[in-house]
Structures are given as C-alpha cells and as structure tokens.
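Start counting at 1 in the sequence shown, then tack on 1, and there's your number in our numbering.
Just so you know, not all the hints are guaranteed correct.
Taking lysine-lysine pairs in the DSS-like style, the calculated list, with each CA pair at most 27 Å apart, reads [to be verified]:
hint : residue 1 : residue 2
1    : K301      : K336
2    : K337      : K424
3    : K380      : K187
4    : K337      : K440
5    : K424      : K440
6    : K337      : K380
7    : K301      : K337
8    : K424      : K380
9    : K336      : K380
10   : K187      : K301
11   : K336      : K440
12   : K426      : K440
13   : K114      : K141
14   : K128      : K187
15   : K141      : K301
16   : K336      : K424
17   : K380      : K426
No lab work stands behind these hints: they were computed from the structure.
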Amino acid sequence: MNKNRVGPVELSALRRRAEERLQKRGENNQASPMSPAEMHRIIHELSVHQIELEMQQEELLQSRDAMESVLERYTELYDFAPVGYLTLARDSTILEVNLTATRMLGVDRSLLKGARLGFFIDHEGIKSFNALIERVFSHKEPRFCEVMLLHEENSLTPQCTVRIDAIVHDDGQSCRTVLSDVTHQKQIERENAELQATLLQAQKMESIGRLAGGVAHEFNNTLQVMLGNIEILIAEREFEGTMRLSLMEVRNSIMKSARIVRQLLAFARKQFINPTTLDLNMALEEMVTRLERFLGENIKLIFTPGEGLWLVNMYLPQIDQIMINLALNARDAMKKGGSFFIATRNVVVDVSFAQSHPEIVPGDYVVLEISDNGCGMDKETLDSVFEPFFTTKSMTEATGLGLAMVYGIVQQNLGAIFARSTKGKGATFEIYWPRSAAKESSPVSL
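Let the hints inform the model, and build the full structure from the sequences given.
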C-alpha cells in the first residue's frame with residue numbers, strides 16, 4: 002500500500018478548498034483568469050487523487066475477497082468438522098449447529114434450531130445431560146458426559162454413543178457444545194475386554210489342566226498300589242462272607258476313582274492317543290443309533306451331515322466319549338423332552354475370527370455342532386462349564402468331569418471348542434477340528 006496515499010480527511014479538505022477556489026474564481030473570473038500553470042497543477046492533483054481512489058477501491062475489493070475466502074474456509078471447517086458443534090441456551094435450546102451435528106442427530110438444520118438437544122438423547126442419558134448443563138452454567142467450568150443419541154425423532158433405537166463437552170461463552174447465556182462420536186471407540190473397548198476375558202479363561206484352564214494332570218498321576222500311582230493289595234486280599238480264601246463283600250466294595254470304589262483319574266488325565270491332555278484319518282460323517286452315522294437309545298424316546302435326534310466334508314485326524318474312541326458326554330448333558334437339560342441336533346460343515350477360519358477367538362488359528366476346519374432346545378445356561382454357568390468338578394447337578398448325580406473331559410480331548414486333538422447358551426433357550430457346542438492333509442480316511446470301527 003502507498004504510504005503517501007491521501008486519507009479521507011485530506012480528500013475532504015481538498016474538496017472544500019477546490020470548491021472555494023472554484024467559487025472565488027467564478028466571482029473573479031473576469032478580473033483574475035486562471036493561469037495555464039495553475040490549471041495544470043490542479044489537473045495533476047486531481048489525477049493523483051483519482052489514482053489514489055482507484056488504488057483504495059482495488060485494495061478494498063482485495064480485502065473483501067480475502068474476507069470471503071476466510072469466511073468460506075471457516076464455514077467449511079465448522080460445518081464439516083469431524084465433531085458436531087452446537088451453541089446451546091441455558092435450557093439446552095439449540096441456537097447454532099453445524100452439519101456434522103445434524104447428521105449425527107439425523108434432522109435437518111432448519112428443524113434443529115430452536116429444538117432442545119435433550120430431545121435427541123435416550124432416557125438413560127437425559128439425567129446426565131441435564132446435570133451437565135446445570136453444572137456448566139452454575140460453575141462456568143468445562144464439563145463432559147457420555148450418552149446415547151436416538152436414531153431419529155421419537156425413536157427408542159440408539160444410534161451412537163457421544164461424548165458431550167460443554168463450556169459457557171463469555172456472555173454467560175449460552176455454551177459451546179461439542180458432540181464426539183465414540184461408538185467405534187466403545188466397540189473396540191468392549192472387544193478388548195472380551196479378548197482379555199477369553200485370554201484369562203484360557204490361562205485359567207491351562208493352569209487347571211497342569212494341576213489336574215499332576216494330581217491325577219500321583220493319585221493314579223496310589224490307586225494302583227491300593228488296587229493291587231485289594232486283589233491279593235480278595236484272592237485269599239480266608240476272607241469270606243461279609244469280609245469278602247466289603248473287600249469287593251472297596252475294589253469297586255477304587256475302580257470308580259480310577260475312572261475319575263482317567264477323566265482328569267483326559268482334561269489335562271495326558272492320555273495316550275493314536276489318531277487316524279477319519280470321515281467324521283461316517284463315524285457319527287455309526288453312533289446315531291446308540292445315541293438315540295441313550296437319549297430316550299422323548300428326545301428326537303436330528304443329524305445333518307455336511308456335504309463334501311473334509312477329513313480330520315482324530316482318535317476314534319474319543320469321538321464316542323465326546324458325543325456321549327454332550328448327549329448326557331443335553332438329556333439332563335431336556336427333562337420333558339426336546340430335540341438333539343448334530344450337524345457338520347466345512348469352515349475356513351479367517352484372521353478376523355481368529356483374533357476374536359485366541360484358541361484357534363486361521364485355516365481350514367471341520368466343525369461339529371451339537372445343540373439342544375433344553376433349559377440352557379446362564380452366563381456364570383457358561384463361563385465355568387469346562388472346569389473340572391464344576392457342575393449344576395447334585396453331588397449324587399455327577400462328578401462334574403464330563404465336559405472337562407470333552408474340553409481336554411478336543412485340545413489334545415489340536416481342536417477348539419466353543420459354547421454358547423441363553424437361559425431357557427438351549428445350548429450349542431461347536432468343535433473345530435483341523436482339516437487333514439490326507440486324501441483317504443481309515444476304516445471306521447467302534
């Protein structure tokens with residue numbers, strides 16, 4: 002900008018001088034005509050002032066364009082910011098709102114102005130929001146709360162979780178409010194919590210398995226000594242009558258304890274196994290008739306074999322153990338009858354599924370799904386369903402090792418088992434067996 006530019010005050014004074022001189026010269030035009038030099042000087046001054054005015058106009062136009070550009074950028078930043086901006090009155094009436102907030106609230110901007118923000122918050126969060134507004138205006142300090150926004154007007158379906166940050170303006174009559182969508186963040190937090198719980202459960206089961214294996218080995222050695230001595234006493238002819246019956250009862254108790262030890266060893270994955278390549282459909286078809294008799298007449302067995310099922314490497318007698326134990330639990334859950342479902346299918350486990358299920362790695366699997374429509378389980382029972390000696394039955398009905406043994410067998414065969422259930426809506430167990438690289442299966446013989 003020209004530092005010698007004539008300002009508005011100087012231009013006004015110059016105009017008055019020019020008008021006075023023009024009037025004076027008009028009066029004395031005859032007496033003192035304007036000389037050529039003076040006329041040239043006045044024309045020069047007017048030309049300079051004209052150029053100054055043109056430069057001022059050009060600068061004003063440039064300033065206006067710059068201000069419009071800044072305003073446009075500000076409006077764009079305000080309207081399309083990644084968070085919602087609102088100006089609220091003390092009663093939470095919306096005075097100003099950007100486009101991001103209108104999208105979050107699902108209402109046109111023209112309809113939002115004059116409405117109350119609390120109208121778009123679910124009933125569980127409205128108390129927190131009202132308390133936030135009251136504290137902000139009372140203490141003039143920034144505050145925040147987290148609430149659920151409703152999907153649309155009068156809807157009961159929450160759309161997203163938002164964090165509301167508010168601070169009072171200098172006028173004390175309104176506050177600046179920021180809506181931040183934290184739905185994705187909350188989802189990640191929930192997923193991390195679930196993964197942490199799954200990891201802790203896996204670590205707990207691993208620790209219980211090591212403990213059970215150690216105890217089972219020591220206990221098994223003691224039982225073998227006891228059983229050997231009892232057999233010697235029973236073989237003696239001098240023990241007859243009541244004494245012999247007592248010795249037989251002791252031997253039966255030892256044999257029962259030995260079965261529990263074998264179940265503990267199965268849970269601890271310390272049994273000797275000789276896996277073979279199997280067609281799971283064929284193995285299950287051999288068991289269906291026996292399972293039907295085991296379940297009883299009031300429970301219907303429905304077997305749905307998957308087509309083109311891949312082969313698996315599995316110790317065949319253990320499949321029988323798994324099915325018997327799961328059928329036993331299903332029968333107990335359906336006292337008044339129901340249906341017992343068995344299904345198989347091929348599944349390709351991807352990275353996403355493996356990340357949410359640490360017990361399994363990506364790859365090809367054959368899934369054996371067993372479900373019933375019995376009484377189901379609550380969350381507390383479901384979380385402990387595979388633990389040894391955990392049971393919902395009375396002490397005389399079961400030892401609580403059935404599902405623990407199933408868990409150990411699956412783990413020993415490099416598989417994974419998942420349970421899901423809802424109280425009153427049955428239970429489902431999914432067992433994932435790794436696909437075998439073999440081309441042909443071994444003969445099925447139980």
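Structure-based check of all given hints:
Annotation: proposed proximity of K301 to K336 holds, straight-line Cα distance about 13 Å (limit 27 Å). In summary, the hint linking K337 to K424 is supported, as the alpha carbons are separated by about 16 Å, within the 27 Å threshold. With a CA separation close to 22 Å, the supplied pair K380 and K187 stays within the 27 Å bound. Distance hint between K337 and K440 is unfulfilled; the C-alpha atoms sit about 44 Å from each other, more than 27 Å.
Note on K424 and K440: the hinted pairing is violated, with a Cα-Cα distance of about 42 Å set against a maximum of 27 Å. Distance restraint check for K337 and K380: the Cα-Cα separation of roughly 23 Å lies within the 27 Å cut-off, and the hinted pair is therefore satisfied. Only pairs whose Cα atoms come within 27 Å are accepted, and K301 paired with K337 is accepted, the gap being roughly 12 Å. For the given pair, K424 sits about 8 Å from K380 by alpha-carbon distance, which is consistent with the 27 Å threshold.
Between K336 and K380 the CA atoms are separated by roughly 21 Å; this keeps the pair inside 27 Å, and the hint holds. Between K187 and K301, the direct Cα distance comes to roughly 43 Å. Violation of the 27 Å bound is thereby established for this hinted pair. At roughly 43 Å between alpha-carbon atoms, K336 and K440 are farther apart than 27 Å, so this suggested pair is violated. For the hint pairing K426 with K440, the CA-to-CA distance comes to about 40 Å; that exceeds 27 Å, so the pair is violated.
At roughly 24 Å between alpha-carbon atoms, K114 and K141 fall within 27 Å of each other, so this suggested pair holds. A distance of roughly 21 Å separates the Cα atoms of K128 and K187; the hinted pair therefore holds under the 27 Å criterion. With a CA separation close to 69 Å, the supplied pair K141 and K301 exceeds the 27 Å bound. As the CA atoms of K336 and K424 are separated by approximately 15 Å, the hinted pair is consistent with the 27 Å bound.
Simply put, K380 and K426 have alpha-carbon atoms about 13 Å apart, close enough for the 27 Å limit, and the pair holds.
Of the numbered hints stated above, those contradicted by the structure are hints 4, 5, 10, 11, 12 and 15, listed in ascending order.
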